[in-house]
Amino acid sequence: MSNATDLKDAGLKATGPRLKILNLFENSEQRHMTAEDVYRLLLSDNTDIGLATVYRVLTQFEQAGILVRHHFESGKAVFELNQGGHHDHLVCVKCGKVEEFYDPEIERRQDAIAAKHDFEIQEHELYLYGVCADCRGKGK
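Quick note: the sequence shown, position 131, residue 131 per full-length UniProt numbering, numbers continuous.
FYI, nobody ran anything at the bench for these hints, they're computed from the structure. Check before you lean on any hint, since a few could be wrong.
[Said to hold, decoys possible] As a list, the in silico EDC-like pairs of lysine to aspartate or glutamate whose alpha-carbon atoms are at most 16 Å apart:
1) 76 to 36
2) 97 to 134
3) 76 to 37
4) 20 to 48
5) 97 to 37
6) 20 to 36
[Said to hold, decoys possible] With beta-carbon atoms standing in for the labels, derived distance ranges:
7) 51 to 114: 36 to 46 Å
8) 102 to 51: 28 to 38 Å
9) 26 to 103: 21 to 31 Å
10) 133 to 109: 17 to 27 Å
11) 138 to 8: 29 to 39 Å
12) 114 to 87: 16 to 26 Å
13) 50 to 111: 38 to 48 Å
14) 44 to 109: 34 to 44 Å
15) 77 to 11: 17 to 27 Å
No residue lacks a Cβ here, since even glycine has one placed at the ideal position from N, Cα and C.
Work the whole structure out from these sequences, hints included.
Rendered as structure tokens:
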């Protein structure tokens, strides 16, 4: 998604705040952002969009399938663009850094376990919590 037509296709009017926030997710190096992260980035870009508007737009984008919401251990909702394709997450409990990964063996094992229990998986999310290399290096 990258323009007003895409927003309209998702059932949303292409307002200034929606376009700015969508652009932010599409162009930021940071793929996983809280509402506060989005708000801070907008402020640093001298964009006058209130925090309540940011929350509202993020919720609208989630409902429209543009963004995916995650609830990592921090308790804060974290959003990322819904680009299709499944992936899992490594989450640092010290700095909050999130890394994505995909492992076909993990996927096969989950399917095998579900089949063994006569269970049909609709969807799943895997979060592995630990301490990233940067944070481990800081403690030395």
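Taking the hints in turn, this is what the structure says about them:
no.: 1; hint: 76 to 36; in the structure: holds, 10 Å
no.: 2; hint: 97 to 134; in the structure: holds, 10 Å
no.: 3; hint: 76 to 37; in the structure: holds, 11 Å
no.: 4; hint: 20 to 48; in the structure: holds, 11 Å
no.: 5; hint: 97 to 37; in the structure: holds, 13 Å
no.: 6; hint: 20 to 36; in the structure: holds, 15 Å
no.: 7; hint: 51 to 114: 36 to 46 Å; in the structure: holds, 40 Å
no.: 8; hint: 102 to 51: 28 to 38 Å; in the structure: holds, 33 Å
no.: 9; hint: 26 to 103: 21 to 31 Å; in the structure: holds, 27 Å
no.: 10; hint: 133 to 109: 17 to 27 Å; in the structure: holds, 26 Å
no.: 11; hint: 138 to 8: 29 to 39 Å; in the structure: violated, 46 Å
no.: 12; hint: 114 to 87: 16 to 26 Å; in the structure: holds, 19 Å
no.: 13; hint: 50 to 111: 38 to 48 Å; in the structure: holds, 45 Å
no.: 14; hint: 44 to 109: 34 to 44 Å; in the structure: holds, 43 Å
no.: 15; hint: 77 to 11: 17 to 27 Å; in the structure: holds, 21 Å
Hint 11 alone, counting from the list given before, is not met by this structure.
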